[in-house]
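Chains E and U, in that order, give the protein sequences. For reference, each letter of the first sequence is one residue, going 2 to 594 in the working numbering. For reference, each letter of the second sequence is one residue, going 35 to 300 in the working numbering.
No lab work stands behind these hints: they were computed from the structure. Be a bit skeptical, because a hint or two may be false.
With beta-carbon atoms standing in for the labels, derived distance ranges [unchecked claim]:
{"id": "1", "chain 1": "E", "residue 1": "R313", "chain 2": "U", "residue 2": "S92", "range": "16 to 22 Å"}
{"id": "2", "chain 1": "E", "residue 1": "R313", "chain 2": "U", "residue 2": "L52", "range": "49 to 55 Å"}
{"id": "3", "chain 1": "E", "residue 1": "K309", "chain 2": "U", "residue 2": "L108", "range": "50 to 56 Å"}
{"id": "4", "chain 1": "E", "residue 1": "R582", "chain 2": "U", "residue 2": "S211", "range": "52 to 58 Å"}
{"id": "5", "chain 1": "E", "residue 1": "R41", "chain 2": "U", "residue 2": "S172", "range": "29 to 35 Å"}
{"id": "6", "chain 1": "E", "residue 1": "A310", "chain 2": "U", "residue 2": "E63", "range": "51 to 57 Å"}
{"id": "7", "chain 1": "U", "residue 1": "S172", "chain 2": "E", "residue 2": "P254", "range": "24 to 30 Å"}
{"id": "8", "chain 1": "U", "residue 1": "H43", "chain 2": "E", "residue 2": "N52", "range": "50 to 56 Å"}
{"id": "9", "chain 1": "U", "residue 1": "K165", "chain 2": "E", "residue 2": "R313", "range": "25 to 31 Å"}
{"id": "10", "chain 1": "E", "residue 1": "R313", "chain 2": "U", "residue 2": "S263", "range": "30 to 36 Å"}
We put the beta carbon where it would ideally sit given N, CA and C, even for glycine.
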Amino acid sequence: MAGLTASGPTGSRDSRATQSDGGILGDRARSQYSALTDLRWHMFINGIRSNHGVFELGARAFSYVIYGCMGLGLGALMGGGSYLLISHDQWKYLPAVFWVMFLIWQVVPIALASFQEQFDLGILLRFPVKFGSFFLLYIVFGLVDISTILGVLCCTGVWIGITWVRPDLFAWTTLALFVFAIFNILTVRAIFAWIDRWLAQRKTREIVGALFLVAVLSLQLFNPALRQSRHNAPRNGRQQVENYRRMGTEIQPWLQRASQVERWLPPGLAARILRRAAEQQPGLATGSSGLLALYVLAAGGVLAARLKAEYRGENLGQAPRRKTADPARGKKAAIQNKVDLRYLPSRPGSSSPIAAVIEKEIRSLLRTLPLLYAVGAPLVLVLVFSGVFIRGGGPQGHVFSFALPLCMIYAQLGFTQVFYNNLGAEGAGIQLYFLSPTPIKTVMFAKNLLHSLMFGIVALTAAVLTGLRLGTPDATVAIATAAWLLFALPCNLAAGNVFSIKMPYRVNPGRISRQRGSQANALLSLLIQLGIISVGATVFAICSLTEKLWLAIPIFLVLAAIATFVWTRVLNNTDQMANGRRDLLIATLMKTE
Amino acid sequence: MEIAAIQTHGLTRRFGALTAVEDVTLSVEQGQFFGFLGPNGAGKSTTIKMLTGLLEPSAGTIEILGQPFGAGALDIKRQIGVVPEGMALLGRLTATEYLRFVGRMYGLDIETTRRRTEELLEFMQLANENKKLVTDFSHGMQKKLALAAAVIHGPKVLFLDEPFEGVDAIAAGMLKSMLQGMINRGATIFLTTHVLEIVERLCSHVAIISKGRLVANGSIEALRSGVASTLPGEEQEQRLTLEEIFLSIVGAGGEQEPTQELSWLA
Chain E
2 MAGLTASGPT GSRDSRATQS DGGILGDRAR SQYSALTDLR WHMFINGIRS
52 NHGVFELGAR AFSYVIYGCM GLGLGALMGG GSYLLISHDQ WKYLPAVFWV
102 MFLIWQVVPI ALASFQEQFD LGILLRFPVK FGSFFLLYIV FGLVDISTIL
152 GVLCCTGVWI GITWVRPDLF AWTTLALFVF AIFNILTVRA IFAWIDRWLA
202 QRKTREIVGA LFLVAVLSLQ LFNPALRQSR HNAPRNGRQQ VENYRRMGTE
252 IQPWLQRASQ VERWLPPGLA ARILRRAAEQ QPGLATGSSG LLALYVLAAG
302 GVLAARLKAE YRGENLGQAP RRKTADPARG KKAAIQNKVD LRYLPSRPGS
352 SSPIAAVIEK EIRSLLRTLP LLYAVGAPLV LVLVFSGVFI RGGGPQGHVF
402 SFALPLCMIY AQLGFTQVFY NNLGAEGAGI QLYFLSPTPI KTVMFAKNLL
452 HSLMFGIVAL TAAVLTGLRL GTPDATVAIA TAAWLLFALP CNLAAGNVFS
502 IKMPYRVNPG RISRQRGSQA NALLSLLIQL GIISVGATVF AICSLTEKLW
552 LAIPIFLVLA AIATFVWTRV LNNTDQMANG RRDLLIATLM KTE
Chain U
35 MEIAAIQTHG LTRRFGALTA VEDVTLSVEQ GQFFGFLGPN GAGKSTTIKM
85 LTGLLEPSAG TIEILGQPFG AGALDIKRQI GVVPEGMALL GRLTATEYLR
135 FVGRMYGLDI ETTRRRTEEL LEFMQLANEN KKLVTDFSHG MQKKLALAAA
185 VIHGPKVLFL DEPFEGVDAI AAGMLKSMLQ GMINRGATIF LTTHVLEIVE
235 RLCSHVAIIS KGRLVANGSI EALRSGVAST LPGEEQEQRL TLEEIFLSIV
285 GAGGEQEPTQ ELSWLA
């Protein structure tokens with residue numbers, strides 16, 4: 002026999018070809034890591050074969066430079082803060098630094114989930130990969146994500162800040178920060194893995210959705226309380242000082258209680274390791290390190306529990322339940338075969354595809370918690386952070402005149418993905434738009450219509466929340482802001498339609514993590530939004546400086562008319578654009594990795 | 035002379051240096067159940083994508099029901115139904131919601147869409163799965179739903195890319211009878227599948243594509259006698275199966291014979 006029979010591997014060769022099984026660092030595991038690294042490398046090389054890929058790489062490199070700069074800035078801030086605290090012997094405030102780092106590490110990935118490309122290790126499950134290796138790879142892949150970059154640079158800053166003042170604490174600082182970093186990495190992964198799990202099934206998705214709404218409503222309940230306190234606030238400076246003193250006394254017991262709890266939590270423990278070490282109490286420092294290590298084990302355990310289920314091939318979907326035999330079913334099946342499928346000729350135009358697309362979009366949206374979160378979360382932050390616009394110290398202060406437009410800017414940021422990748426969640430369904438007799442223009446128009454409505458609702462809600470928090474805004478500012486929104490909306494829609502067709506990326510609507518993002522899309526859409534904001538800021542600034550703020554209204558209305566004209570032109574060209582790129586569009590949105 | 039349901043002239047598609055489909059000229063008459071066969075990578079899916087408007091041809095023309103067909107030919111799109119390679123499903127909808135959406139996208143009124151959706155779900159035995167999202171369906175259920183969506187508007191020409199893949203035997207039998215019913219009522223079906231038994235049982239005409247070029251086209255009987263005539267004396271009397279015809283035609287195209295033996299396999 003020719004071919005492999007003569008020259009192919011024999012039985013003995015086969016046994017040699019099978020690598021020894023030696024744990025997560027054994028021959029087989031190392032060979033698998035090497036294969037996976039090769040895979041990533043080839044995917045990277047293949048990815049930059051096209052112009053789009055090169056552009057994407059450039060955008061990614063640019064965004065990493067930005068994240069790096071952000072990280073360096075935060076690191077410098079943390080380092081400076083630590084330096085000042087240690088040099089002034091204010092150890093009791095050091096936990097605050099660790100809490101800030103902890104929040105950055107845990108919150109940033111949620112805010113930027115759609116901007117990061119992540120590798121889904123689920124493809125490994127078909128191979129004989131040990132659970133240890135699977136776990137290790139899950140941790141290692143993605144170590145260069147934004148949160149880790151920011152977190153590690155913050156840790157480095159703190160490390161420099163502390164060891165600069167106290168070189169003798171070099172070893173303890175290194176240990177504390179290293180364990181704290183590991184804890185954060187494991188925790189953020191565990192949170193994402195569990196959120197993905199909850200979002201994958203209808204019941205848990207609904208529970209998470211309900212909890213999210215309760216959280217939003219709870220935050221809104223703060224508002225009347227804050228408002229009440231504002232109305233009851235003293236009017237003169239002396240009373241104000243007295244008021245603050247009274248508030249300080251009132252919250253002191255609460256702060257002490259919080260401090261008692263905080264010291265047993267990871268950021269508090271990390272700070273305590275250093276404090277005890279500085280106080281020459283190595284035993285207590287070791288004890289705190291041990292406790293922190295226990296938290297690391299716990300976070301690792303929570304993550305491992307989730308990954309173990311995935312590793313065993315857990316089906317996150319709702320697999321069809323096995324049905325028991327139903328005597329009526331046979332009869333029903335017989336009837337089914339008699340169903341007459343001769344259809345009357347279609348009656349084109351008798352039902353609006355626009356309504357169909359809007360209905361479908363609403364249904365999909367209500368089942369897509371990450372998107373609802375993206376749109377709703379800025380509203381919560383508008384409510385919470387609009388207080389910074391009260392100048393002059395405290396609730397009685399003067400409200401910044403342009404607080405409303407600034408809150409509006411923030412509120413609309415949640416629409417980035419909705420506007421700029423409006424086909425991303427269609428998946429294989431994108432084919433339907435090209436197969437059906439409905440023009441893509443109609444589909445885009447319907448989507449734009451719904452998104453405009455959502456935008457309007459969010460803007461209105463943000464305005465109401467801002468009003469409740471900061472009081473009724475100046476009428477001219479309010480109308481000018483509305484006019485600016487009329488300009489911003491068609492700008493975003495026009496650019497968004499172009500981006501959605503030319504730079505789409507697939508979005509898995511049921512997931513927050515492990516998404517394939519597009520840095521190019523994210524970066525350019527951010528630039529366009531910055532442009533729209535800059536135009537608004539410039540007009541507001543000029544009109545305000547010339548004390549003719551009312552002039553901003555006609556200017557924005559003219560700009561809105563121009564933007565609407567551009568949007569209609571883009572919309573009219575949508576079919577041409579989409580048809581010209583349909584194979585790429587279909588391939589991109591159907592991509593399964 | 036009756037207008038052909040599908041007519042292509044010199045249909046070609048290039049991807050850079052690779053020519054996936056080259057100079058394909060074929061004609062499918064109305065009412066035909068047409069099988070489009072070929073080995074993996076031969077160009078079947080590329081051809082069907084061009085015929086349904088999902089991919090623009092690099093050269094050549096397509097006519098559906100006598101009218102030139104391109105991406106913008108909306109009137110023709112109303113008359114064709116497609117089960118494409120990726121099934122074109124929307125995972126975040128239920129089966130009912132999806133079918134109602136598709137019906138309305140094809141311009142059906144709400145009442146007709148509702149009625150047909152119910153009938154199709156009953157027929158496809160998906161009526162009991164109404165609370166489940168499409169993304170949670172098994173592959174076979176998704177195929178059935180994709181087929182239901184392809185016929186909801188009562189198309190005159192139906193394109194099916196591997197419609198029986200992953201569908202159980204009972205459902206496959208049901209689908210075959212439905213497709214046969216459509217043919218009896220004058221519809222045209224263009225089918226690609228690797229299951230040659232299905233083609234042999236259902237199709238009256240077949241075309242075979244290999245390495246992007248059409249290597250055979252005609253009725254199964256004509257192909258059978260054509261291949262038989264190339265065989266030595268007594269073998270000409272045997273009734274060849276479609277598989278033998280296929281292997282004979284595609285194998286003659288220079289495909290490598292499976293002479294190697296993977297001796298390390300158990």
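Do the hints match the structure? See the list:
1. Distance hint check for R313(E) and S92(U): the Cβ-Cβ separation is about 47 Å, which falls outside the suggested range of 16 to 22 Å.
2. Between R313(E) and L52(U) the C-beta distance comes to about 41 Å, which lies outside the given range of 49 to 55 Å.
3. Between K309(E) and L108(U), the C-beta spacing of about 52 Å keeps the proposed range 50 to 56 Å intact.
4. In this structure, R582(E) and S211(U) break the distance hint of 52 to 58 Å, their C-beta atoms being roughly 40 Å apart.
5. Taking the beta carbon of each, R41(E) and S172(U) are about 32 Å apart, inside 29 to 35 Å as hinted.
6. A310(E) and E63(U) have their C-beta atoms about 55 Å apart, which keeps the hinted 51 to 57 Å range intact.
7. Range check, S172(U) to P254(E): about 59 Å between beta-carbon atoms, so the 24 to 30 Å window is missed.
8. Remark: the range hint 50 to 56 Å for H43(U) to N52(E) is contradicted by a beta-carbon distance near 33 Å.
9. Our hint of 25 to 31 Å for K165(U) and R313(E) holds, since their Cβ atoms are close to 26 Å apart.
10. Taken as a hint, the range 30 to 36 Å is violated for the pair R313(E) and S263(U), whose Cβ atoms sit roughly 58 Å apart.
When each numbered hint is compared with the structure, violations occur for hints 1, 2, 4, 7, 8, 10.
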